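Chemist: These are the residues of each chain, in order.
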Amino acid sequence: MQDFNPSDNNKYFRKSEISAFPPSGGGVAAFTLHLADTNLILAQRNAEWCAHGPILEQDIAITNISLDLIGQARNFYQYAAQIINQSTDQFTNPATEDSLAYLRTEREFKNLLITELPNGDWAQTILRQFFYSVYQYGLYEQLQRGSDAQLAAIAEKSIKETTYHVKWSSEWVLRLGDGTDESNERMQKALQNTWAYTGEMFMPVDYEMATGIDFILLKDEWEKKVRTVLEEATLTYPGGTGNEKPIFMQTGGKTGVHTEHMGFILADLQYLQRTYPGANW
Amino acid sequence: MSITIPTYTSSTQEKDIWKLLEAVCDPEVPVLSILDLGIVRDVKLNDNGIEIIITPTYSGCPAMDAISMDIRLKMIEHGHKNVKITTILSPAWTTDWMSEAGKRKLLEYGIAPPRLLADRETTAHHIECPQCHSSNTKLLSQFGSTACKALYQCSDCKEPFDYFKCH
Numbered sequence: 008m009q010d011f012n013p014s015d016n017n018k019y020f021r022k023s024e025i026s027a028f029p030p031s032g033g034g035v036a037a038f039t040l041h042l043a044d045t046n047l048i049l050a051q052r053n054a055e056w057c058a059h060g061p062i063l064e065q066d067i068a069i070t071n072i073s074l075d076l077i078g079q080a081r082n083f084y085q086y087a088a089q090i091i092n093q094s095t096d097q098f099t100n101p102a103t104e105d106s107l108a109y110l111r112t113e114r115e116f117k118n119l120l121i122t123e124l125p126n127g128d129w130a131q132t133i134l135r136q137f138f139y140s141v142y143q144y145g146l147y148e149q150l151q152r153g154s155d156a157q158l159a160a161i162a163e164k165s166i167k168e169t170t171y172h173v174k175w176s177s178e179w180v181l182r183l184g185d186g187t188d189e190s191n192e193r194m195q196k197a198l199q200n201t202w203a204y205t206g207e208m209f210m211p212v213d214y215e216m217a218t219g220i221d222f223i224l225l226k227d228e229w230e231k232k233v234r235t236v237l238e239e240a241t242l243t244y245p246g247g248t249g250n251e252k253p254i255f256m257q258t259g260g261k262t263g264v265h266t267e268h269m270g271f272i273l274a275d276l277q278y279l280q281r282t283y284p285g286a287n288w
Numbered sequence: 428m429s430i431t432i433p434t435y436t437s438s439t440q441e442k443d444i445w446k447l448l449e450a451v452c453d454p455e456v457p458v459l460s461i462l463d464l465g466i467v468r469d470v471k472l473n474d475n476g477i478e479i480i481i482t483p484t485y486s487g488c489p490a491m492d493a494i495s496m497d498i499r500l501k502m503i504e505h506g507h508k509n510v511k512i513t514t515i516l517s518p519a520w521t522t523d524w525m526s527e528a529g530k531r532k533l534l535e536y537g538i539a540p541p542r543l544l545a546d547r548e549t550t551a552h553h554i555e556c557p558q559c560h561s562s563n564t565k566l567l568s569q570f571g572s573t574a575c576k577a578l579y580q581c582s583d584c585k586e587p588f589d590y591f592k593c594h
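In order, the protein sequence lines correspond to chains A and B. Residues in the first sequence are numbered consecutively from 8, following the working numbering. Residues in the second sequence are numbered consecutively from 428, following the working numbering.
The set of hints was computed from the structure by calculation and includes no laboratory data. Mixed in with the good hints there might be a few duds.
[To be verified] Residues from chain B shown here face chain A by an in silico Cβ test under 8 Å; the list is partial:
#1 Tyr-485
#2 Ser-486
#3 Leu-516
#4 Ala-545
#5 Leu-567
#6 Gln-569
#7 Ala-574
#8 Leu-578
#9 Gln-580
#10 Ser-582
#11 Cys-593
[To be verified] Here's a subset of chain B near chain A, in silico, CB distances under 7 Å, partners left out:
#12 Gly-476
#13 Gly-487
#14 Thr-513
#15 Ser-517
#16 Ser-568
#17 Phe-570
It should be emphasised that the depicted structure is a prediction, and the values quoted were computed from it without experimental measurement. Glycine included, every Cβ here is placed at the ideal spot set by N, Cα and C.
Generate the whole structure from the sequences, applying the supplied hints.
Modeler: Right, here's the structure in full:
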């Protein structure tokens with residue numbers, strides 16, 4: 008029987024697993040990947056609406072939002088690649104925005120769980136976008152004043168786009184919530200389906216500790232805005248402090264523990280680069 | 428055949444580079460040059476060549492890659508081989524950087540030009556229909572045919588039109 012040498016084990020790992028799980032480059036790289044992944048996965052989900060939107064204008068709107076999110080994801084991936092490459096040796100294949108998006112495994116992705124939920128009906132897609140955009144707005148507001156110059160620059164650029172997303176999704180929440188009996192019922196159902204995935208936004212994991220983000224402030228502002236819009240839309244705000252049992256919040260996305268939907272998203276997203284490595288056009 | 432190799436020292440040459448950039452157009456809105464759009468932030472000349480600093484309009488704007496390529500080709504066409512194109516994100520691009528000439532060209536092209544950021548929330552400045560110039564217009568969708576445009580309709584002549592949104 009052959010002696011087992013643990014160092015041999017490395018050859019069985021693919022390069023992406025060695026270089027990015029955990030990512031070299033430390034906390035900033037992990038945090039930047041979390042921001043990139045969250046934008047990318049929601050962009051991928053929204054893009055599934057392409058040619059299926061309820062009317063042409065809204066089909067264009069949701070895919071425009073998708074495009075904004077991909078653009079923001081690219082900026083974060085490029086920055087993450089730069090940090091990772093600075094801290095890896097010259098013999099490792101350099102990371103690129105493409106390798107980080109297309110060649111990392113499910114457990115390496117750090118996106119929020121809410122972004123990988125299936126689109127459901129238009130109500131669920133709208134509500135998910137609304138929850139996420141309000142959170143993203145608050146996050147970018149803090150990041151653009153933060154100590155990391157490149158993250159601040161990306162946030163300063165992106166927040167202008169997020170402003171439209173907040174406006175658009177708020178208007179839709181009002182329109183559907185305060186619309187017909189059926190649209191109200193569907194929104195209420197969407198609330199039940201998505202609410203348990205909102206808590207994760209405000210529960211920092213280790214790589215977020217040194218970012219300087221005030222998660223309590225972020226949560227307060229989010230709750231204030233979300234509550235105002237939901238109530239105006241005649242929907243029941245689930246986060247009230249009544250006597251009801253608090254809702255259990257799902258977590259795991261930030262550390263790579265995903266829902267059962269994630270593998271299917273990546274199969275779709277990464278198929279081409281996995282099947283034809285390096286394919287280009 | 429002799430090739431003139433440019434040296435990068437005098438400010439006259441800097442002016443020449445700006446003049447060349449004037450001829451690079453936005454691939455989505457070809458009536459606008461990239462200078463009209465305000466995306467060229469700086470031109471630097473040094474011993475190694477030219478550095479052109481640009482900023483994207485929207486994070487996901489697919490035209491940015493094409494614009495970088497067009498800048499490079501324009502420079503090569505005029506003998507400038509060592510060109511570095513640097514993209515910066517801050518300060519973030521705003522439609523307030525669009526030139527007055529650019530706004531005029533947009534209107535003639537059939538796209539309503541952006542208002543100033545300061546006027547964004549005021550209702551005093553209506554979006555004017557580029558066809559019949561009526562100010563009786565309404566927003567159809569915040570999102571239009573490209574990231575930088577919203578979709579409007581004129582309530583008088585009924586024509587739908589693009590509005591280059593104030594950003």
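Chemist: Indicate, hint by hint, whether the structure satisfies it.
Modeler: Hints, verified against the model:
The closest approach between the C-beta of Tyr-485/B and any C-beta of chain A is roughly 6 Å, which is under the 8 Å cut-off, so the hint is satisfied. With its C-beta approaching chain A no nearer than about 3 Å, Ser-486/B sits inside the 8 Å limit, and its interface hint holds. This hint holds: Leu-516/B has a C-beta 4 Å from the nearest C-beta of chain A, less than the 8 Å allowed. With 8 Å as the threshold, the beta carbon of Ala-545/B stays out of range of chain A, its nearest partner Cβ sitting at about 15 Å, so the hint is violated.
Nearest Cβ of chain A to the Cβ of Leu-567/B: about 6 Å, under the 8 Å cut. The hint holds. This hint holds: Gln-569/B has a C-beta 5 Å from the nearest C-beta of chain A, less than the 8 Å allowed. Here the hint on Ala-574/B is kept, as its CB sits about 6 Å from the closest CB of chain A, short of 8 Å. Nearest Cβ of chain A to the Cβ of Leu-578/B: about 6 Å, under the 8 Å cut. The hint holds.
Because the smallest distance between the Cβ of Gln-580/B and any Cβ of chain A comes to about 11 Å, over 8 Å, the interface hint for this residue is violated. Hint on Ser-582/B is violated. Least Cβ distance to chain A is approximately 17 Å, over the 8 Å limit. Given hint, Cys-593/B at the interface with chain A, is violated; its Cβ is 10 Å from that chain's nearest Cβ, farther than 8 Å. Interface hint status for Gly-476/B: violated, as the beta-carbon distance to the closest one in chain A is roughly 23 Å, over 7 Å.
Proximity of Gly-487/B to chain A holds as hinted, the smallest CB-CB distance being about 3 Å (cut-off 7 Å). Among the interface hints, the one on Thr-513/B is violated; its C-beta lies about 13 Å from the nearest C-beta in chain A, farther than the 7 Å criterion. At about 4 Å, the closest approach between the beta carbon of Ser-517/B and any beta carbon in chain A falls short of 7 Å, and the interface hint on this residue holds. Because the beta carbon of Ser-568/B sits about 4 Å from the nearest beta carbon in chain A, less than 7 Å, this interface hint is met.
Against a cut-off of 7 Å between C-beta atoms, the interface hint on Phe-570/B holds, since the closest Cβ of chain A lies about 4 Å away.
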